[in-house]
Amino acid sequence: MTNSIPTDSVGLVTPQTHHFDKPLTLRSGKILPSYDLVVETYGKLNADKSNAILICHALSGDHHAAGFHSVDDQKPGWWDACIGPGKAVDTNLFHVVSLNNLGGCAGSTGPASINPKTSKYYGPDFPVVTVRDWVNSQARLMDRLEIPKWAAVVGGSLGGMQALRWAISYPERLNHAICIAAAPKLSAQNIAFNEVARHSITSDPNFHRGHYLEEGTYPKQGLMLARMVGHITYLSDNAMRSKFGKSVAEIEEEGNNFGRDLRTGKLSFGFNADFQVESYLHYQGERFSENFDANTYLLMTKALDYFDPSVDYEGDLSKAFENCSCKFMLMSFSTDWRFPPERSRELVNDLLKARKQLSYVEIEADAGHDAFLLPIPRYIGAFSTYLKKVYSEITGHAS
Amino acid sequence: MRPDLEIIQEWIKPNSRVLDLGCGDGSLLHFLKTAKNVNEIGLEIDNENINSCIENGINVIEQNLDHGLSNFQSNSFDTVLLAQTLQALSNPDRLIDDMLRVGTNGIVTFPNFGNWKSRFYLSSKGRMPVSKFMPHQWYDTPNIHFCTVNDFDALCVEKEINILARTVVDSQHQGSWYMRAWPNFLGEIAIYHITKK
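Protein chains in written order, with the working numbering: chain H, 13 to 411; chain G, 97 to 293.
Rather than coming from a laboratory, the hints here were simulated on the basis of the structure. Virtual Cβ for every residue (Gly too), placed ideally from N, Cα, C. Any given hint could be a false lead.
FRET-style restraints, in silico, Cβ to Cβ [to be verified]:
{"#": "1", "chain 1": "G", "residue 1": "186", "chain 2": "H", "residue 2": "349", "range": "22 to 30 Å"}
{"#": "2", "chain 1": "G", "residue 1": "167", "chain 2": "H", "residue 2": "58", "range": "55 to 63 Å"}
{"#": "3", "chain 1": "H", "residue 1": "335", "chain 2": "G", "residue 2": "101", "range": "30 to 38 Å"}
{"#": "4", "chain 1": "H", "residue 1": "23", "chain 2": "G", "residue 2": "232", "range": "48 to 56 Å"}
{"#": "5", "chain 1": "H", "residue 1": "317", "chain 2": "G", "residue 2": "101", "range": "26 to 34 Å"}
{"#": "6", "chain 1": "H", "residue 1": "392", "chain 2": "G", "residue 2": "180", "range": "24 to 32 Å"}
{"#": "7", "chain 1": "H", "residue 1": "160", "chain 2": "G", "residue 2": "123", "range": "55 to 63 Å"}
{"#": "8", "chain 1": "G", "residue 1": "278", "chain 2": "H", "residue 2": "405", "range": "31 to 39 Å"}
{"#": "9", "chain 1": "H", "residue 1": "349", "chain 2": "G", "residue 2": "141", "range": "52 to 60 Å"}
{"#": "10", "chain 1": "H", "residue 1": "201", "chain 2": "G", "residue 2": "131", "range": "53 to 61 Å"}
{"#": "11", "chain 1": "G", "residue 1": "255", "chain 2": "H", "residue 2": "327", "range": "31 to 39 Å"}
{"#": "12", "chain 1": "G", "residue 1": "255", "chain 2": "H", "residue 2": "317", "range": "45 to 53 Å"}
Start from the sequences, fold in the hints, and give me the full structure.
So this is what it looks like as structure tokens:
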């Protein structure tokens, strides 16, 4: 219970579902005959429809980026730190559109939806979608919402990759691409972590080759393990240390209840969770496994692995950027080791090579990849200053 | 208009591409953008300055000049600016090579340590000069590579750099005929327009 909704929140929001009948040809060549996209919007669209911002979510995100669905919600949307009245993405100035991507499990058509052809769950038969497919579906949503041009497309991590894809695929339909903690493509190490996550899901006996919903079950253990691995890559060593860094000596001395053995308060000398980081990962994994579809997780990690806009340009990303006409704003975080600053600098260099207009800010932050979700003052400062400038551009006067 | 800016803007072609190394709060680029419609990028490392650039609508990249410009293509800019930053670099000579690789011409401004005030301060007090214009003590100064007009001239000869124009102004950015006559003695800020030979 939040008791009362904070004044800097967009408040209570209700998602809307848009149905699309026009078949969508996917990058794989497969065709999705029809689909739903579930959407939330915050802030008012202005008269000339020039103040719309698209928010693109990352691996486990969805359309619920800000505000609350009910007064009983424990937590606001996933990017509430950055979206709201007076926040970096200021809903007093902008009309913000946030959707659940195709293949998701929060209401848009995905593996956990019913396939109208078979009247059964799509399950593993849901086609693999890529970042490009998402952006194509987002462009159709844009048409549906009668938005001619985005003031900005904004995203972190996998969301930042969608912003880049927008700039490449629809150069005339956005003014700014804001790409936070992203990368031009995944490294072998990134893909390796994704593969561990996928393998843990597919090797769970309850996975049933992806048909677990038909079987009335789900691969809880596999999904938990996938999330635990993922979570390690989201945090920095320092962030983990400061959050959970109790040593064996400290636990013994304090005799508190870190270990499972609450009677003695001592180390269990078994294989239960002695350290706080263990119970933290278990908790995160468990909570996630109850709320997320395993097939969607497989699909989202694949979309990440396949992301590489240079593929159509002989591996030269700068060529992919050549036709872009928007301005770019990139941000990275010092301790992010999933998509570290060097990866953002690769993007910067390819944008420079393509002679694009860009700004780049490297933020000192302890939190690792997760930093993009947090209210870190310098990050929020640069983010809001940039968007205020975007707003003054579209309205022709200072905000 | 500030006389040094007046001088610099004369050397910038309209609609050209300008890279400013250590662009500060972006005011020079903002001025050139307004006056000459340049296509600008600034490099800066100070957080507040970066924020001011963004506020001014100036393209700014957080980048440490001591790491060089290897991420910039050769001849990708018309003019590369290095204003009042030379003396704070670890390897000023290498950065000058790099700026003339990236740009077809360069503009360098720096405080002239050969100025009579510095000479007088050092010779009379026997201590490193401290002034309103250069307020730091020797141990906390960001300015680690001071040079004089004559030093810079010598570097240009050594590196076979072509000096297209050279002038000096005082710390109030005002010029005069006597300063131009004895630049290394009277000039407080040196302004060079250079290019590769």
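Results for each hint:
One distance hint, 22 to 30 Å for the beta-carbon pair residue 186(G) and residue 349(H), holds here, with the actual separation near 27 Å. With their beta carbons about 38 Å apart, residue 167(G) and residue 58(H) fall outside the hinted range of 55 to 63 Å. A beta carbon spacing of about 36 Å between residue 335(H) and residue 101(G) agrees with the range 30 to 38 Å that was offered as a hint. Between residue 23(H) and residue 232(G) the C-beta distance comes to about 51 Å, which sits within the given range of 48 to 56 Å.
Checked against the hint of 26 to 34 Å, the pair residue 317(H) and residue 101(G) fails, with Cβ atoms roughly 51 Å apart. Hint check: residue 392(H) to residue 180(G), Cβ distance near 31 Å, so the stated range 24 to 32 Å holds. Taking 55 to 63 Å as the suggested C-beta distance range, the pair residue 160(H) and residue 123(G) does not conform, at roughly 35 Å. Range check, residue 278(G) to residue 405(H): Cβ separation about 48 Å, and the 31 to 39 Å hint is violated.
Separation of residue 349(H) from residue 141(G) is about 22 Å and departs from the stated range, judged on CB atoms against 52 to 60 Å. Distance hint check for residue 201(H) and residue 131(G): the Cβ-Cβ separation is about 48 Å, which falls outside the suggested range of 53 to 61 Å. Distance hint for residue 255(G) and residue 327(H): a CB-CB separation of about 36 Å, consistent with the stated range 31 to 39 Å. At roughly 48 Å, the beta-carbon separation of residue 255(G) and residue 317(H) lies within the given 45 to 53 Å, and the hint holds.
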